[in-house]
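Trainee: Letter by letter, the chains look like this.
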Amino acid sequence: DSGVTQTPKHLITATGQRVTLRCSPRSGDLSVYWYQQSLDQGLQFLIQYYNGEERAKGNILERFSAQQFPDLHSELNLSSLELGDSALYFCASSVDGGQNTEAFFGQGTRLTVV
Amino acid sequence: EDQVTQSPEALRLQEGESSSLNCSYTVSGLRGLFWYRQDPGKGPEFLFTLYSAGEEKEKERLKATLTKKESFLHITAPKPEDSATYLCAVKRGSTLGRLYFGRGTQLTVWP
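Chains as they are written, first to last, in this note's numbering: chain A, 197 to 310; chain B, 229 to 339.
Since the hints were derived computationally from the structure, they do not count as laboratory data.
One or more of the hints may lead you astray.
Covered stretches of chain B (in silico footprint by chain A; criterion: 3 or more residues with CB under 8 Å from a CB of chain A, positions within the stretch not fixed) [as the list claims (entries may be wrong)]:
hint, stretch
1, 231 to 243
2, 272 to 280
3, 330 to 339
For every residue, glycine included, the Cβ atom is placed at its ideal position computed from N, Cα and C.
Chain B with its partners taken away, still in its complex shape (with noise of 0.2 Å):
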């Protein structure tokens, strides 16, 4: 069975203290990792898309990389605003444009 997974659930950082969330994943013919930033009540935001196995993304603070297991979503330096959950997402090619999602790391990030 497809899955992804998401560790930690939650994460509290000190603004500056830079930090990685894990996301792994099981799925057949994978056509594409997303990662996705969501703050309370409101819909998931776009950030990155990845892939293949190598490929790395970045987008200020953020650093997206793939691994044929897994990827990682590098915070560089946060501060207190990039507080939210990070939800990671993967694609299949049997599925076309169906998001399987993982659950979400939650963080928090206090100056």
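Next comes chain A alone, as it looks inside the complex (with noise of 0.2 Å):
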């Protein structure tokens, strides 16, 4: 267990529709990233919240949108849900911005948009 909670394991949803998904990172972690995985394109980065501020921003569509707050847990939001959002929506956390340590992992939420 990483210690990175998400919540839900799995979301099944119909395309036009938006959903939240959520990451509880580890103890004591300043810095939340989120990434995609889907079978034609690996791990793909998203987003990067540190201690509440977008740090760095990947390759996320404009209908996505996250935030982090003031306990540090994090938000992904994905609006107007099309077919190819269908993924693995991982997030990931770490003691600092990044620089000098390892991102550790949470088990991911499996979006199914049909």
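If you follow the hints, you should be able to join the two separate chains into one complex; please do so.
Mentor: Next up, the structure:
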């Protein structure tokens, strides 16, 4: 158990809908990262938050947004969902901004868009 | 463009048959190379971090090494429970904590 908690584990929703994925980082970790894993793309970085502030942005669609709250948990919001958004979404956390430390991953949320 | 390439894509070994997985990278300002293990439907599990050429890390049957252009994950006398996908990832100095992942090597160890 990495100590990173993601909910829900599975999510099935229809095209055009909006969903929210939740992540609780390991105790004491200040950074939260979101990654998307699909069969054809592998693990792709979406966005990083550090102590409540956006730190880095990767290949995140405009339909997607995230935030990190004062208690350091994070949410990833996906809207206007398309079939191609079906994937595993992982959250990871690290102690600092990530320069010199490892990231530990949660068990993921499997999103299926039908 | 930064790239992380892993080979082979898939590897089947008999229990006890040692082998190596390769991760080659082209990235400017390497700030660390990371190995993760991923079981089907699960999150990546951290294994090792390597920071400089010549560095080696060991854990049970696994040993990771790093050169200026590639890393190897050596698996000695593997067991069926070592079956998983092994992912390699790198960090660049200019992008802080972001990890750039390879596509992984799917290892199957049969008894």
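Trainee: For every hint, state whether the structure bears it out.
Mentor: Here is what the structure says about each hint:
Check result for the stretch 231 to 243 of chain B against chain A: violated, 0 residues qualifying (beta carbon to beta carbon below 8 Å, three or more required). Counting residues of the stretch 272 to 280 of chain B whose CB falls under 8 Å from any CB of chain A gives 4; the rule of at least 3 is met. For the stretch 330 to 339 of chain B, the stated coverage by chain A is satisfied: 3 residues place a CB nearer than 8 Å to a CB of that chain, which reaches the threshold of 3.
Violated hints amount to a single one, hint 1; each of the other numbered hints is respected by the structure.
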